[in-house]
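Peer 1: Sequence:
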Amino acid sequence: GDFRLGNLIYHKNNNIMAVLDWELSTIGDPLADFGYMLYPFYIPFGERHGIGGSDLKKENIPEIDEVIETYCSVRKISIFDPTFYIVLSMFRTIAILEGVYARYINGNESSPNAKDIGKDVEPLAKATFKLLQKNK
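Residue numbers (our numbering): 1277 to 1412.
Derived from the structure by calculation, the hints contain no laboratory data.
Just to be clear, a hint being listed does not mean it is correct.
Said to hold, decoys possible - Simulated restraints on C-beta separations:
#1 ILE1292 with LYS1333: 17 to 23 Å
#2 LEU1284 with ASP1392: 20 to 26 Å
#3 SER1386 with VAL1350: 32 to 38 Å
#4 GLY1375 with ASN1290: 33 to 39 Å
#5 ASN1382 with THR1346: 42 to 48 Å
#6 ILE1353 with VAL1295: 19 to 25 Å
Note that this is a predicted model, so its numbers are computed, not measured.
Beta carbons are placed, not taken as given, at the ideal position from N, Cα and C, and that holds for glycine.
Starting from the given sequences, assemble the full structure and let the hints guide the process.
Peer 2: Written as structure tokens, this is what we have:
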């Protein structure tokens, strides 16, 4: 799926009103979607979808530990280390971005910003590697 903060519409009272962008939805391990939702915490702020290092409180975004605790509480599962699912989602995103950029190089892009997508791969790959190194 593509479940992430950027695909949510919030009411001014912070309740989620809608989830957008369902074209990647599948039946599978829900933790894969959860990992996708979490990976922006590991991407530096200013990079594609990155919120890492930003003032989350100022933006009314909970800290990652709070997100994990809330998710586990609602699902009634034990708190766990989601690193595998986060890295899986990061790798999948890298593959998607490379595909978009390859279509641009071959002259058959469908996205108006396909040329710029290629620049997003290296920071995401570096963040993925950093997360893997941290969790050896």
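Peer 1: Next, verify each hint and record whether it holds.
Peer 2: Going down the list of hints, with the structure as the test:
At roughly 19 Å, the beta carbons of ILE1292 and LYS1333 sit within the given window of 17 to 23 Å. For the pair LEU1284 and ASP1392, the supplied restraint of 20 to 26 Å holds, since their beta-carbon distance comes to about 24 Å. One distance hint, 32 to 38 Å for the beta-carbon pair SER1386 and VAL1350, holds here, with the actual separation near 36 Å. Checked against the hint of 33 to 39 Å, the pair GLY1375 and ASN1290 passes, with Cβ atoms roughly 35 Å apart.
In this structure the supplied range 42 to 48 Å holds for ASN1382 paired with THR1346, their Cβ-Cβ distance being about 43 Å. Roughly 21 Å separates the CB atoms of ILE1353 and VAL1295, a value that falls within the hinted 19 to 25 Å.
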